[in-house]
Structure formats: structure tokens, C-alpha cells
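Student: Using the sequences plus the hints, can you model the full thing?
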Amino acid sequence: YNILSEESGLLRNEPGKKWVVDPLDGTSNFARGIPLFAVSIGLMDGNDFLAGVIIDPILQNEYYAVKGGGAFLNEKKISIPALQTGFTPCIFLNHSYSETDRNHFIQLAKQLAVSYDTLKFGTTAIELCYLATGAVDGFVCSGDSLWDFAAGAVIATEAGCVFTDWQGQPWTEESDKLLISRPEIHKKLVEKTKALPPV
1 YNILSEESGL
11 LRNEPGKKWV
21 VDPLDGTSNF
31 ARGIPLFAVS
41 IGLMDGNDFL
51 AGVIIDPILQ
61 NEYYAVKGGG
71 AFLNEKKISI
81 PALQTGFTPC
91 IFLNHSYSET
101 DRNHFIQLAK
111 QLAVSYDTLK
121 FGTTAIELCY
131 LATGAVDGFV
141 CSGDSLWDFA
151 AGAVIATEAG
161 CVFTDWQGQP
171 WTEESDKLLI
181 SRPEIHKKLV
191 EKTKALPPV
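The opening position of the sequence shown corresponds to residue 1 in UniProt numbering, with each subsequent residue numbered one higher.
Careful: at least some of the hints might be erroneous.
[Said to hold, decoys possible] Computed Cβ-Cβ distance ranges for the label pairs, DEER-style: (1) Gln60 - Thr85: 32 to 40 angstroms; (2) Lys67 - Arg12: 20 to 28 angstroms; (3) Gln169 - Arg32: 16 to 24 angstroms; (4) Gly69 - Gln169: 37 to 45 angstroms; (5) Asn103 - Gln60: 33 to 41 angstroms; (6) Gly69 - Asp117: 27 to 35 angstroms; (7) Glu62 - Asp117: 23 to 31 angstroms; (8) Gly168 - Lys110: 26 to 34 angstroms; (9) Lys67 - Glu14: 19 to 27 angstroms; (10) Pro81 - Ala195: 24 to 32 angstroms; (11) Glu14 - Lys110: 42 to 50 angstroms; (12) Asn61 - Glu14: 17 to 25 angstroms; (13) Pro183 - Lys77: 15 to 23 angstroms; (14) Lys194 - Ala135: 20 to 28 angstroms.
[Unchecked claim] For lysine-lysine, the following DSS-like pairs were computed, each having C-alpha atoms within a straight-line distance of at most 25 angstroms: (15) Lys67 - Lys192; (16) Lys120 - Lys17; (17) Lys110 - Lys120; (18) Lys110 - Lys67; (19) Lys17 - Lys110; (20) Lys192 - Lys177; (21) Lys188 - Lys177.
Derived from the structure by calculation, the hints contain no laboratory data. Built from N, CA and C at the ideal position, the CB exists for glycine as well.
Tutor: Following this line, the structure appears as C-alpha cells:
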């Protein structure tokens, strides 16, 4: 298989499946002694997310999923519960280090703060795992690298989430903007991201 890793880039570039590896997602947290980081390994075929495993070494949690086979936490199947009446949905927001993506983040935070609680943990892998368990309700990002979310995307979708770009279209590798959320709020989130002014 091909291998795409944050540390080494693309090792082999041939047709077929590829492993997408981030040996330490949440590097800044780790360097500062903040216990929010993970190991993330995904398997892809083109734009298709086939499998993923994320290890949270601090809480000793192992999240994993295979497309069509469900999502699991420590061998127990997980799925997002129904959105509880009266709860304000909580959305993770994330961005890359580029100025454009930071500006998108600022605009997006202003849009979403009116109707949602927002969080940023600094580790996409852990954020998507919490989304898969229903602890939060959505994840919106501009500029994440593929190794940040390849594993988490299949875990979240197998748990019942919807995954698109900011236009509500199926995500492709050409898109640097992703939106993953529980189905009940996905359409409204897309309306928010579509309405963002260009930066």
C-alpha cells in the first residue's frame, strides 16, 4: 500500500489504497503538557475512507471503524444518540496555520456562536472521536491535512454522522474544507458555511 504520513510525506505514489498516518495528532498540546493528543491511522482508496483507528494514550481509549461495519470504542459499538431537547448543539471548530484559514475560522466562529456552543481542542483526531460518541454534535474545519482526519472521518460516519464539504457536497481530496456532524443539524451548518464571505 501507499503510505501518507505527516512526518514523511507520501511514501510511494501508485494507484490503489493508502495508509494515512499521524503518529502524534495534537503535537502542540503534547509539547505543552496538555493531555489531549492521539495516534491516528486511516486507510483510504481514492476519496473513500475504508477504515480508521485512533488511540488516546492518556485515557487508554481505542476508537476504530471499518466502512460498513460500525464504529467501536474499546470493543463496544458506539453510535450518536438522539439530540436531547433543550440542549444547545456543540460544534468543534478547527483550522490550519495559514492566514486564510485563520480568517475563515474567525468568520465561522462569529456565524456559529449565535446558535451553537463552540470548542477547539487542538487535536482533530480526539475531536472526531468525541463527535462519534455524541459528546459533541459537529466538526467544521478549514485547512486540515488528510492525516488529521482520515481515521476520524470513518469512525464518525460509521457512528452515524454526515460528512461533506462546506457546500454540502461529497468531500474529495481537492476540498480543504470539511463538515462532519449529526444528521439533525447538518443542513443548518451547511447553510452557515455557505453564507461565509470570501476571505
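Student: The structure should be examined with respect to each hint, and the outcome stated for every one.
Tutor: Results of checking the hints against the structure:
1. Gln60 - Thr85: 32 to 40 angstroms: The hint (32 to 40 angstroms, Cβ to Cβ) holds, given that Gln60 and Thr85 are roughly 34 angstroms apart.
2. Lys67 - Arg12: 20 to 28 angstroms: For Lys67 and Arg12 the Cβ distance comes to about 22 angstroms; the hint holds.
3. Gln169 - Arg32: 16 to 24 angstroms: Given a distance of about 37 angstroms, which is not inside 16 to 24 angstroms, the answer is violated.
4. Gly69 - Gln169: 37 to 45 angstroms: Given range 37 to 45 angstroms: violated, Cβ gap about 25 angstroms.
5. Asn103 - Gln60: 33 to 41 angstroms: holds, 38 angstroms
6. Gly69 - Asp117: 27 to 35 angstroms: For Gly69 and Asp117 the Cβ distance comes to about 32 angstroms; the hint holds.
7. Glu62 - Asp117: 23 to 31 angstroms: holds, 28 angstroms
8. Gly168 - Lys110: 26 to 34 angstroms: Since the Cβ atoms of Gly168 and Lys110 sit about 20 angstroms apart, the hinted range of 26 to 34 angstroms is violated.
9. Lys67 - Glu14: 19 to 27 angstroms: holds, 22 angstroms
10. Pro81 - Ala195: 24 to 32 angstroms: Because 29 angstroms falls inside the window, the suggested range holds.
11. Glu14 - Lys110: 42 to 50 angstroms: holds, 44 angstroms
12. Asn61 - Glu14: 17 to 25 angstroms: 34 angstroms Cβ-Cβ, so the 17 to 25 angstroms window is violated.
13. Pro183 - Lys77: 15 to 23 angstroms: The hint (15 to 23 angstroms, Cβ to Cβ) holds, given that Pro183 and Lys77 are roughly 18 angstroms apart.
14. Lys194 - Ala135: 20 to 28 angstroms: Holds, since Lys194 and Ala135 (Cβ atoms, about 26 angstroms apart) stay within the stated range.
15. Lys67 - Lys192: Violated, at about 29 angstroms.
16. Lys120 - Lys17: The given pair, whose Cα atoms are some 31 angstroms apart, is violated under the 25 angstroms limit.
17. Lys110 - Lys120: Measuring from Cα to Cα gives roughly 14 angstroms; hence the hint holds.
18. Lys110 - Lys67: violated, 35 angstroms
19. Lys17 - Lys110: violated, 39 angstroms
20. Lys192 - Lys177: holds, 13 angstroms
21. Lys188 - Lys177: Cα-Cα ~16 angstroms, so holds.
Of the numbered hints listed earlier, those contradicted by the structure are 3, 4, 8, 12, 15, 16, 18 and 19.
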